[in-house]
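Peer 1: Here is what each chain is made of, one letter per residue.
2 protein chains.
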Amino acid sequence: MAKKNAFYAQSGGVTAVINASACGVIETARLHKDKIGKVYAGRNGIIGALTEDLIDTSKESDAAIAALRSTPSGAFGSCRFKLKSLEANKREYARLIEVFKAHNIGYFFYNGGGDSADTCFKVSQLSEAMGYPIQAIHVPKTVDNDLPITDCCPGFGSVAKYIAVSTLEASFDVKSMAKTSTKIFVLEVMGRHAGWIAAAGGLVEDHGIPVVVLFPEVEFDQKKFLAKVDKNVKEHGFCTIVVSEGCHYPDGRFLAEQGTRDAFGHAQLGGAAPVVANMIKDALGYKFHWAVADYLQRAARHVASKTDVKQAYQLGKAAVDLALKGRNSVMPTVDRISDEPYKYKIGVADLKDVANVEKMMPKSFITKDGFGITEKCKRYLVPLIQGEDYPKYKDGLPVYVTLKNVAVPKKLGDFKI
Amino acid sequence: MAKKNAFYAQSGGVTAVINASACGVIETARLHKDKIGKVYAGRNGIIGALTEDLIDTSKESDAAIAALRSTPSGAFGSCRFKLKSLEANKREYARLIEVFKAHNIGYFFYNGGGDSADTCFKVSQLSEAMGYPIQAIHVPKTVDNDLPITDCCPGFGSVAKYIAVSTLEASFDVKSMAKTSTKIFVLEVMGRHAGWIAAAGGLVEDHGIPVVVLFPEVEFDQKKFLAKVDKNVKEHGFCTIVVSEGCHYPDGRFLAEQGTRDAFGHAQLGGAAPVVANMIKDALGYKFHWAVADYLQRAARHVASKTDVKQAYQLGKAAVDLALKGRNSVMPTVDRISDEPYKYKIGVADLKDVANVEKMMPKSFITKDGFGITEKCKRYLVPLIQGEDYPKYKDGLPVYVTLKNVAVPKKLGDFKI
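Line order of the protein sequences matches chains A and B. Going by the working numbering, the first residue of the first sequence is number 1, and it counts up by one from there. Going by the working numbering, the first residue of the second sequence is number 418, and it counts up by one from there.
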């Protein structure tokens, strides 16, 4: 095998553990210098490849790369940019090949979610379509947990832990206040189409908290919802609601839509919590508080799941191992063997089966009334939030690394995106 | 000294560490059984005293009381209820004395903020005004950090740590996304009149984050604000904004007011973050994300400051020590000796000097442009967020105690509040 350099990039919304995958990729590549030359990271994802804006990760010390494991966010910058099909925009693919050739890149590691898996899949076809030998491996990452085949996605376990912990803590709070003040606490969480994150809020039920979960998978029924909340308040004195940003009415309207759309054309959501809180106040008169966790949830490395951090690293490592075995157009996966004790192995999926498939919450994970999670769902979720993996602290704040991100000298002319 | 029972109650908004003060009070009282009989906790604060709804804390095991130290929220229930003056509502004071007499209560420990200090002060005057011997000691607690005389208030250090950590993490996130997507992150924090919590967000400046802080102490100047944000985005590619819920225009209007008022007649706030975010979008066109931390911030025991937990406990203990010394109408305080190394001692303040006085951020803590914190402010804040005091976890979630809260048998007739 001729020695080739590798390209690694982060794509889409970042997470608390995507850098742990980067750490897995780079540390593993460094162990195989006979086969993999340098790891070049794309500055701001695939845009870094298109604009030849590459970062030379060999300029980073082993300690700095190791520190990625406990640093949230995307250390090389991410992007929201989806390659069109080969037919629709051959120019971009030609440019990619031009950059790969110029920098002797034979491995393409792309770290992202569903849209990114599609980009990675397209790149993986370049060998055949355009005659350039490239091995494209997707490293799964998404807080939404909506990639198929893999049992879970790195990033999800930590956001699930954050949401479960935060829901528990805020519920204890509202319980204390309920006698004379706040009786309702509403927490809005991420999850555009899939309710995995919202489901994590349902875990507090076993801690004596009356919680109502609003999933994107269940059409919002205002009357049933208000009746459930009222019942909880009458029985327990208070009620916690965890609402997914993707929760919507039967006609498809989101509970709250800001009217803006992201680069992929998805509606940018936010504000379902105040809508739900005011709805309760208007109908039932209960005093409320509401929170919107937004970026706090997916960036919360300080309360990351140890299981999640470990898997993020393992999948980064596995991606390199697959490349070394000559594989192309694949994604390493987490294959669950048992719930308790939690056992899993690292498997592999074909990208063609991953790209553009969204995995929703199965019906068997949602209670019959549509407002909670089943025992089966709990057995799925609990292992994923197991264990704590605390960052180091200095002066009261976590020590997160910022890399030097030294640019690789350009060899080509400019390229307009 | 004849052996008397003690009354303890939690008042106002609860915090991540108010139970650590309860732990300090109860554990210390248990060490002095020769002088203090039982500790009766008011169920839902002072309302428990008025309605003779007392909790017998002697029914709780030592382990359960010890577990309070790492449990957020108010274990006995809190309330928002302010006693009127003796002249305005003598009936309530007469009832308090009736309950104290019936249960042989000679010590009154009240754990709360400014409004609660006022209630405690009124109770402390009962000896003189109504001839019933009671020693009333206030145990300071408020995330707002706005009590006078004491250097800081238990509850604040932990919320400050949570806000600083969360601001840092979300800022790393937006930095990763800024090239093609979100350039603005707005975090709304608590603090109706005093900007202490917002100030904690300013600590991330030393971690390379361009942050703009909006304090209640500084009248909001939209033009200057937008210019500052734009400058940050042009120089750094992104900008983080930490906005206090109490931020307001020169005419006193809050940036966002929900129109509802709490039991003390204060406007209930929320929603400044989306207002600020949309203001930036409209004027500068930058894509934004926003979060409202609300209860999550004050309940976040999982990332509590070790310094804060320790002081919360110490002040609970000190309150009992003051009572044993025969003191009345006082509050134990944190008296800072030095910033670095951080040294302090436990002092004492007269309640007449504490009640109804709010401590705002001093001018010397806010930068000249009104959008940041000074070095002096950082020297004040950093010791308060020092150290981590992690709760135990089981199945991925923190282990928080729920007490049995056994009621003391009633001896009196009903009382209508």
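Just so you know, the hints here were simulated from the structure itself, not pulled from any lab data. Please note: incorrect hints may appear among the correct ones.
Derived pair list, reagent style DSBU-like, types lysine-lysine, alpha-carbon separation capped at 30 Å [unchecked claim]: (1) K762(B) x K410(A); (2) K234(A) x K723(B); (3) K394(A) x K640(B); (4) K811(B) x K828(B); (5) K3(A) x K325(A); (6) K640(B) x K234(A); (7) K394(A) x K821(B); (8) K310(A) x K795(B); (9) K394(A) x K476(B); (10) K723(B) x K651(B); (11) K809(B) x K343(A); (12) K363(A) x K223(A); (13) K224(A) x K310(A); (14) K420(B) x K723(B); (15) K394(A) x K785(B); (16) K416(A) x K811(B); (17) K404(A) x K82(A); (18) K228(A) x K811(B); (19) K411(A) x K84(A); (20) K698(B) x K416(A); (21) K376(A) x K811(B); (22) K727(B) x K392(A); (23) K776(B) x K287(A); (24) K416(A) x K306(A); (25) K769(B) x K306(A); (26) K476(B) x K378(A); (27) K33(A) x K281(A); (28) K404(A) x K648(B); (29) K651(B) x K809(B); (30) K742(B) x K698(B); (31) K345(A) x K809(B); (32) K821(B) x K811(B).
Peer 1: Can you confirm whether the C-alpha distance between K420(B) and K723(B) stays at or below 30 Å?
Peer 2: Violated: K420(B) and K723(B) sit about 35 Å apart, past 30 Å.
Peer 1: Is it true that the CA of K640(B) sits at most 30 Å from the CA of K234(A)?
Peer 2: With a Cα-Cα distance of about 48 Å, the restraint between K640(B) and K234(A) is violated, given a limit of 30 Å.
Peer 1: Can the restraint linking K3(A) and K325(A) be considered satisfied, given a maximum Cα separation of 30 Å?
Peer 2: holds (14 Å)
Peer 1: Below or equal to 30 Å on CA atoms is what counts here, so check K345(A) against K809(B).
Peer 2: holds (28 Å)
Peer 1: Given the hinted pair K651(B) and K809(B), is their Cα-Cα distance within 30 Å?
Peer 2: With a Cα-Cα distance of about 44 Å, the restraint between K651(B) and K809(B) is violated, given a limit of 30 Å.
Peer 1: Next pair to validate is K476(B) with K378(A); report whether the Cα-Cα distance is within 30 Å.
Peer 2: Between K476(B) and K378(A) the Cα gap is close to 34 Å, so the pair fails against 30 Å, i.e. violated.
Peer 1: Just to be careful, I want the Cα atoms of K723(B) and K651(B) compared with a cutoff of 30 Å; is the pair within it?
Peer 2: violated (38 Å)
Peer 1: Can you confirm whether the C-alpha distance between K404(A) and K82(A) stays at or below 30 Å?
Peer 2: Holds, at about 27 Å.
Peer 1: Keeping to a limit of 30 Å between CA atoms, is the pair of K416(A) and K811(B) held or broken?
Peer 2: Between K416(A) and K811(B) the Cα gap is close to 53 Å, so the pair fails against 30 Å, i.e. violated.
Peer 1: K394(A) and K785(B): Cα distance at most 30 Å?
Peer 2: holds (28 Å)
Peer 1: Take a quick look at whether K769(B) and K306(A) sit within 30 Å of each other, Cα to Cα.
Peer 2: violated (50 Å)
Peer 1: K224(A) and K310(A) were given as a pair; does the straight-line alpha-carbon distance stay at or below 30 Å?
Peer 2: Violated, at about 41 Å.
Hint check: violations occur at hints 1, 2, 3, 4, 6, 7, 8, 9, 10, 13, 14, 16, 24, 25, 26, 27, 29, 30; the rest are consistent with the structure.
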